[in-house]
Amino acid sequence: MKWERIRIAVMLAPTLLVISILFFGSLLYGFLQSLGYNPNIGATDINFDAYLRVMFSEEFSGRFWSGLTLSLWVAFCSTFVSAAIAIFVALLLRRTFFGKKLAVFFFQLNLPIPHLVIAVGMIMLFSQSGLVSRMLGELGLVTSPRDFPALTKDAYGIGIILAYIWKEVAFFGIIVLAILQSLGEDYEAVAQSLGANRWQRFRTVTLPLIMPGLMSASIIVFAFTFGSYEVPRILGVGYPKMLPVMSLDFFLNPDLNARAEGMALSMIIAFIVLVLIFIYMYITARTVRKD
Amino acid sequence: MTHLSINALTKRYPGEEKPAIDSLSLEVESGKLVALLGPSGCGKTTTMKMIAGLLEPTSGDILFDNQSILNIAPEKRGAVMVFQNYLLFPYMTIAQNVGYGLKMRKVDQATIDRRVGEMLELVKLPSLGDRRPKELSGGQQQRVALARALIVQPNLLLLDEPLSNLDAHLRFEMRDLIREIQQEMGITTLFVTHDQEEAAVLSDKIALILDGTLQQYDPPMGFYESPKSRAIADFFGGVNFVTGTQDKGRFTSDLGAWSAPRGIEAGSGLATIRPEDIEICEAPGENVVSGNIVSHVYVGTHSRLKVDVGAHQFHVVADAGIIKTYGTGSTVMLHLPAEKIWVLPHAKD
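Line by line, the protein sequences are chains Z and X. This note's numbering puts the first sequence at residues 4 to 294. This note's numbering puts the second sequence at residues 1117 to 1465.
What the hints contain is simulated information worked out from the structure, not anything from laboratory work. Treat the hints loosely; a few may be bogus.
[To be verified] Mimicking SDA-like on lysine to any residue, the simulated pairs with C-alpha atoms at most 25 Å apart in a straight line are:
#1 Z:Lys104 x X:Glu1132
#2 X:Lys1192 x Z:Lys104
#3 X:Lys1250 x Z:Met214
#4 X:Lys1250 x Z:Lys104
#5 X:Lys1165 x Z:Leu30
[What the hints assert, rightly or not] Pairwise CB distance ranges, derived in the manner of DEER restraints:
#6 X:Ile1188 x Z:Ser132: 28 to 36 Å
#7 X:Ile1188 x Z:Ser69: 52 to 60 Å
#8 Z:Thr18 x X:Lys1222: 51 to 59 Å
#9 X:Asn1187 x Z:Ser132: 53 to 61 Å
#10 X:Glu1251 x Z:Trp76: 40 to 48 Å
#11 X:Lys1222 x Z:Ser29: 25 to 33 Å
#12 Z:Phe34 x X:Pro1242: 38 to 46 Å
#13 Z:Thr18 x X:Pro1242: 37 to 45 Å
#14 Z:Pro211 x X:Ser1139: 37 to 45 Å
#15 X:Ser1253 x Z:Trp6: 34 to 42 Å
#16 Z:Ser69 x X:Asp1229: 32 to 40 Å
#17 Z:Phe205 x X:Glu1251: 26 to 34 Å
#18 X:Glu1133 x Z:Pro115: 26 to 34 Å
#19 X:Glu1133 x Z:Leu144: 22 to 30 Å
Please read these numbers as outputs of a predicted model, since none were measured by experiment. Think of the CB as a built atom: it goes at the ideal place given N, C-alpha and C, for glycine as much as any other residue.
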């Protein structure tokens, strides 16, 4: 038994070593840079100046707090609306009907499509000079591109949210559909025979049963939409910017002194995501204890 | 109390050639417990789901007190179903599970608490209200499922194989509890089972369904003493069959002529007698045949014998102590009481 354990540990060691060096090494290096330690430019003092500058200096604080607000707004809206749409569609798709396989295929079609492609697709379709705007122009419903609502490159992140919804509905859908299919409809049948109407059945039976899976998926989607930069970089505006885009800007700044602020922002993003994961783990553990 | 009428109820699933249930008609009197009995896949659960409104019939009608309920939403029919696998909501406490139906009816919490207490008392689980379903045994979960159904005072209680997931001891206990509660509350109850003994012990009447068709609808004794076909006799454990001719209360076969006043009056017939109705006797006489014991199994309360008589083999249930007198290979005389022989019509090949 003891030798078996040692054998497994030895076999896993090379992989774990590489992952540990890459993950924890870069995390440590990034953390040190966020503390101002960057020997390449002769900065060896360790302090929290970059964090303080990013969050509280006159130069950056406005951008930071508006960026944080936008990031939370986009992540929350994308997660919540995607989950809601996915539940609705999954409830429809679990029924037996002609062409169900085809419908499920189309529902999950955009799962393998990269976020970048979705973002570009959003520009091509929904920007003020995009395909939809031009078609409406042809139909005489809008007279100039400016009459078409600004769905991309807008201050409220509508385009970013729509792009994430487009992509994440399929992700949520595949999880919710799998849960619903594994549960079957008997619990709802029991509730119905006990007098629960459609809404009561959804609220008191379906939702609580899919909630653990839905929560896991929500944390993943929230963390991803909160921390990724490609979609907001393409579909966002100059101000306010989501935190990951701000962090990238600092990182790409030719002035290497800005690297500390970039890393400080990345650490703040990672910290918020970690807090969310701990909240999720706490809720999950509580649910597991209950059930 | 509700009188249930089922009229020519048929359910045909899309793409299926044969209906799952075909022109089923039966009447269930108020306050009675009726078993829908049959092997797996015969259509009994389909019937129950149509009554509960969880499935739509292809044709036919279902009436509660002479009023069709087909246009009433399932949640308003008052036909509450208890499933084989309990289906207690895992994220609720036992008390919340039991009170679910009242909560959906927006009954005030004080009344719900009081009624939940009464129901848990009724199913003999008074102190488990705060527990979660997974902390309960299968038998306890089934009692909770029963309490959850009874709390809404249903017009009709539908029990879908409620005992099949329980071990033998719990099954007997639960069987008694169901009968006791059903009689106490007087709820018209339909009970699905594939176990003929369970159906016989629990129900006032049995509806035997084979292959989607109602075969016989009678009190339990009718299935043992006067089955309407060989298939029904087979299903109820009938194993002794002799072909012959019936005429004016006398049945003639290659084993001789017997007095057999019950069953068809004349024509080609199949005489059947239950193993427990055959008596071992000492002297030849009317309705007595002689044969050799080919196997003998002692099962504690009784013995099971197989006796070769001519080209036939009779199964006999005898006293446990018979082994002291007759062993395997012994010759034995069997008395087939005339009033216990039942003659079915039999088509010659």
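Each hint, compared with the structure:
1. Distance hint between Lys104 of chain Z and Glu1132 of chain X is fulfilled; the C-alpha atoms sit about 20 Å from each other, no more than 25 Å.
2. Under the criterion of a C-alpha separation no larger than 25 Å, the hint pairing Lys1192 of chain X with Lys104 of chain Z is inconsistent with the structure, at around 34 Å.
3. Among the hinted pairs, Lys1250 of chain X with Met214 of chain Z is consistent with the structure: their alpha-carbon atoms are about 18 Å apart, no more than 25 Å.
4. Simply put, Lys1250 of chain X and Lys104 of chain Z have alpha-carbon atoms about 35 Å apart, too far for the 25 Å limit, and the pair is violated.
5. Distance restraint check for Lys1165 of chain X and Leu30 of chain Z: the Cα-Cα separation of roughly 59 Å exceeds the 25 Å cut-off, and the hinted pair is therefore not satisfied.
6. The hinted window of 28 to 36 Å between Ile1188 of chain X and Ser132 of chain Z is violated, with their beta carbons roughly 57 Å apart.
7. Range check, Ile1188 of chain X to Ser69 of chain Z: about 57 Å between beta-carbon atoms, so the 52 to 60 Å window is met.
8. Thr18 of chain Z and Lys1222 of chain X have their C-beta atoms about 57 Å apart, which keeps the hinted 51 to 59 Å range intact.
9. Judged by the Cβ atoms, the range 53 to 61 Å given for Asn1187 of chain X and Ser132 of chain Z holds: they are separated by roughly 55 Å.
10. The hinted range of 40 to 48 Å is satisfied by Glu1251 of chain X and Trp76 of chain Z, whose Cβ atoms lie roughly 42 Å apart.
11. One distance hint, 25 to 33 Å for the beta-carbon pair Lys1222 of chain X and Ser29 of chain Z, is violated here, with the actual separation near 57 Å.
12. Checked against the hint of 38 to 46 Å, the pair Phe34 of chain Z and Pro1242 of chain X fails, with Cβ atoms roughly 59 Å apart.
13. Under the hint 37 to 45 Å, the C-beta atoms of Thr18 of chain Z and Pro1242 of chain X, about 56 Å apart, miss the expected range.
14. Range check, Pro211 of chain Z to Ser1139 of chain X: about 41 Å between beta-carbon atoms, so the 37 to 45 Å window is met.
15. A C-beta distance of roughly 41 Å is found between Ser1253 of chain X and Trp6 of chain Z, which places it inside the suggested range of 34 to 42 Å.
16. Taking 32 to 40 Å as the suggested C-beta distance range, the pair Ser69 of chain Z and Asp1229 of chain X does not conform, at roughly 51 Å.
17. As the Cβ distance of Phe205 of chain Z to Glu1251 of chain X is approximately 27 Å, the hint placing it in 26 to 34 Å holds.
18. With their beta carbons about 41 Å apart, Glu1133 of chain X and Pro115 of chain Z fall outside the hinted range of 26 to 34 Å.
19. Hint check: Glu1133 of chain X to Leu144 of chain Z, Cβ distance near 53 Å, so the stated range 22 to 30 Å is violated.
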